[in-house]
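So the protein lines, in turn, are chains Z and H. Using our numbering, you'd call the opening residue of the first sequence number 5 and step up by one each time. Using our numbering, you'd call the opening residue of the second sequence number 40 and step up by one each time.
There's no promise every hint is true.
[Stated by the list, open to error] Straight-line alpha carbon distances no greater than 30 Å define the calculated DSS-like cross-link-like pairs of lysine-lysine that follow:
| id | chain 1 | residue 1 | chain 2 | residue 2 |
| --- | --- | --- | --- | --- |
| 1 | Z | Lys-43 | H | Lys-82 |
| 2 | Z | Lys-49 | H | Lys-82 |
| 3 | H | Lys-82 | Z | Lys-46 |
| 4 | Z | Lys-46 | H | Lys-106 |
| 5 | Z | Lys-49 | H | Lys-106 |
| 6 | Z | Lys-49 | H | Lys-95 |
| 7 | Z | Lys-107 | H | Lys-95 |
| 8 | H | Lys-93 | Z | Lys-49 |
| 9 | H | Lys-82 | Z | Lys-111 |
The set of hints was computed from the structure by calculation and includes no laboratory data.
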Amino acid sequence: DIQMTQSPSSLSASVGDRVTITCRASQDIRNELGWYQQKPGKAPKRLIYAASSLQSGVPSRFSGSGSGTEFTLTISSLQPEDFATYYCLQQNSYPLTFGGGTKVEIK
Amino acid sequence: EVQLVVSGGGLVQPGGSLRLCCAASGFSFSDHYMHWVRQAPGKGLEWVGLIRNKTKSYTIEDAASVKGRFTISRDDSTNSLYLQMNSLKTEDTAVYYCSRGMGDWGQGTLVTVSS
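Bound conformation, chain Z alone (with noise of 0.2 Å):
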């Protein structure tokens, strides 16, 4: 099975900031990597598919970059509706498998 090493665990931000959350992937997954965001008691929504493209309705924030085992989620400037937690998730190979999450919170 391929493992999702996903960083930090949790982080603490302010509106504004820019923020980075790393996914490393124990072997090569291509570009197959996809990035969610839940909100407590809620499903979660897919933000960045295929490592860099950006899910519609998405706000432009939001960037994915990365191939191969390392892959990035970068938010350009964190907004109130953005606390939430991210996780990453790699479709190259079954099972699929998700990184651990981040957690990211109002400084």
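For this one, chain Z is given, so just place chain H on it according to the hints.
Just chain H now, with coordinates in the frame of chain Z:
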């Protein structure tokens, strides 16, 4: 608008069975691969499995943690996805979500396995 409505959750004793349903609308259900994902209370997301479409012969992939106990099926005539869960364990307690291709997600249903 894509809608995925999950139902069938509840309280069940260890060793029991439950069937979840995901009712889909707003898209051509038969064309898409459909997934189940779960989330234990306070924990991260865990992929449970998927069923491919008719073109891919409705083949299934599933996680080792549910293999042999859970069965994924679909009925394209009613736009429904199912998760039959047998031999349930306390560690299967989670919110269960269905998803269209891991893009669109249903709201989830809570399954609690407890005596």
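Here is what the structure says about each hint:
no.: 1; hint: Lys-43/Z x Lys-82/H; verdict: 13 Å, holds
no.: 2; hint: Lys-49/Z x Lys-82/H; verdict: 17 Å, holds
no.: 3; hint: Lys-82/H x Lys-46/Z; verdict: 14 Å, holds
no.: 4; hint: Lys-46/Z x Lys-106/H; verdict: 27 Å, holds
no.: 5; hint: Lys-49/Z x Lys-106/H; verdict: 27 Å, holds
no.: 6; hint: Lys-49/Z x Lys-95/H; verdict: 27 Å, holds
no.: 7; hint: Lys-107/Z x Lys-95/H; verdict: 37 Å, violated
no.: 8; hint: Lys-93/H x Lys-49/Z; verdict: 27 Å, holds
no.: 9; hint: Lys-82/H x Lys-111/Z; verdict: 23 Å, holds
The structure fails hint 7 only (numbered hints given earlier).
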